[in-house]
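Student: Given chain A's structure and the hints, the job is docking chain B onto it.
Chains as they are written, first to last, in the numbering used here: chain A, 1 to 179; chain B, 180 to 381.
Because the hints were derived from the structure by calculation, they are not lab data.
Small disclaimer: the values here were computed from a predicted structure and weren't measured.
Built from N, CA and C at the ideal position, the CB exists for glycine as well.
A few of these clues could be false.
Cβ pair distances, simulated, as ranges [unchecked claim]: (1) R306(B) to H179(A): 53 to 61 Å; (2) C305(B) to P53(A): 39 to 47 Å; (3) T207(B) to L28(A): 53 to 61 Å; (4) V157(A) to P288(B): 23 to 31 Å.
Result set (DSBU-like, lysine-lysine): computed pairs, CA atoms no more than 35 Å apart in a straight line [said to hold, decoys possible]: (5) K150(A) to K266(B); (6) K151(A) to K295(B); (7) K266(B) to K42(A); (8) K266(B) to K295(B); (9) K114(A) to K76(A); (10) K114(A) to K266(B); (11) K150(A) to K42(A); (12) K295(B) to K42(A); (13) K295(B) to K76(A); (14) K266(B) to K151(A); (15) K32(A) to K42(A).
Chain by chain, the residues run as shown.
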Amino acid sequence: MSLMGIISMVSNFLIPLVIFYIVGYGILNREKVYDIFIRGVKDGFRIVVDIAPTLVGLMVAVGIIRTSGALNILAKLLAPVGEFFRVPAEVLPLILVRMFSTSAANGLVFDLFKEFGTDSQIGMLASIVMSCTESIFYILSVYFLAVGIKKTRWTLVGGLIATMAGIIASVVISTLLFH
Amino acid sequence: MLNYIWAILIMVGIMVAAFTGTMENVSTGILDSSREAIQLCIVMLGVVGMWTGIMKLAEATGLVRQLTRLLMPMLRLLFPRIAGDEKAMGYIAANMVANLLGLGWAATPTGLQAMKELQRIHRETCRVTGGDPNAASDEMCFFMVINISSLQLIPINMIAYRSQYGSVHPGAIILPGMIATFVSTLAGVLYGLWRCRRGGRK
Numbered sequence: 001m002s003l004m005g006i007i008s009m010v011s012n013f014l015i016p017l018v019i020f021y022i023v024g025y026g027i028l029n030r031e032k033v034y035d036i037f038i039r040g041v042k043d044g045f046r047i048v049v050d051i052a053p054t055l056v057g058l059m060v061a062v063g064i065i066r067t068s069g070a071l072n073i074l075a076k077l078l079a080p081v082g083e084f085f086r087v088p089a090e091v092l093p094l095i096l097v098r099m100f101s102t103s104a105a106n107g108l109v110f111d112l113f114k115e116f117g118t119d120s121q122i123g124m125l126a127s128i129v130m131s132c133t134e135s136i137f138y139i140l141s142v143y144f145l146a147v148g149i150k151k152t153r154w155t156l157v158g159g160l161i162a163t164m165a166g167i168i169a170s171v172v173i174s175t176l177l178f179h
Numbered sequence: 180m181l182n183y184i185w186a187i188l189i190m191v192g193i194m195v196a197a198f199t200g201t202m203e204n205v206s207t208g209i210l211d212s213s214r215e216a217i218q219l220c221i222v223m224l225g226v227v228g229m230w231t232g233i234m235k236l237a238e239a240t241g242l243v244r245q246l247t248r249l250l251m252p253m254l255r256l257l258f259p260r261i262a263g264d265e266k267a268m269g270y271i272a273a274n275m276v277a278n279l280l281g282l283g284w285a286a287t288p289t290g291l292q293a294m295k296e297l298q299r300i301h302r303e304t305c306r307v308t309g310g311d312p313n314a315a316s317d318e319m320c321f322f323m324v325i326n327i328s329s330l331q332l333i334p335i336n337m338i339a340y341r342s343q344y345g346s347v348h349p350g351a352i353i354l355p356g357m358i359a360t361f362v363s364t365l366a367g368v369l370y371g372l373w374r375c376r377r378g379g380r381k
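Here chain A stands alone, though its shape is the one from the complex (with noise of 0.2 Å):
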């Protein structure tokens, strides 16, 4: 088996095993817990279609930065700062707007999914990346915009350390599972 079988086998168990311990657990605490449930989803649907716009006017301006070639042009620019750093020059643009939006992201990791495949070297890494950081300039704005804080001090250089951090390990694991 390889090392990506055994990877998703694990990964495989998680969620089912999360689904039996908090259905279990309600069920022997005498929980309704199929009509909890039902009211839980109904909240998930809220959610969808509430970001269901941003979706659908952020994908369609990166559908355009992306079929005008500009993306490419921008990867090609890149490729040096890539080499450097051992990141395909492809998932560099990613990087970049990934610290300012999530849904823009989404919609190159969509284009970077039709581009190498899901499950490609580059795929994974696209898929890891976005799954250990956060948009960081929008929650600094959204959260101390809330409070009224004009000095935000350390927050920024902690949040490129632990971006950096996330981008270096996510690199060197999609490299590792490959090799």
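Tutor: Using the frame of chain A, we list chain B on its own:
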């Protein structure tokens, strides 16, 4: 900010297309991507709905509250100066649990409340020490860095996207994602601890 990003993406894309002669691709690309966005939403209705359903159950049975209590000792180590403030600590813990479980939408309200509590504590301290209430406190910085470092254990959205785009192993990223998330959070926490200690000595 998103207004600018959105406009720049569209305008730069169309200008590049005009120069490189890819306008036809852009034209179909616009229609394709808007259709794709809604196709994706349909897949997400199922997956996100399933996950919020299970998490609602975890909340109703008190599992989320237990997890929050489990997290408390660790949080007291990270925020020693406000460990006595039950309200602030409670919101911070609730926010972290929501993040761990991948409930970003539940994380934002608790996160904002946590920030408001931190700001209240900060204002009180500033009144005594004469500090700048417009500058973030160490606790605020630390809390934000941990949030930015991503805590999500199971990236359910990413799994949904992967299966939509034809992955044979959509769940294969759970374990690698966990490791990478652990690394990024560890880096953020170490940096935060260092900064807090340095600030405390001054």
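Student: Go through the numbered hints given earlier and state which of them the structure violates, listing their numbers in rising order.
Tutor: Violated: hints 10, 11 and 13.
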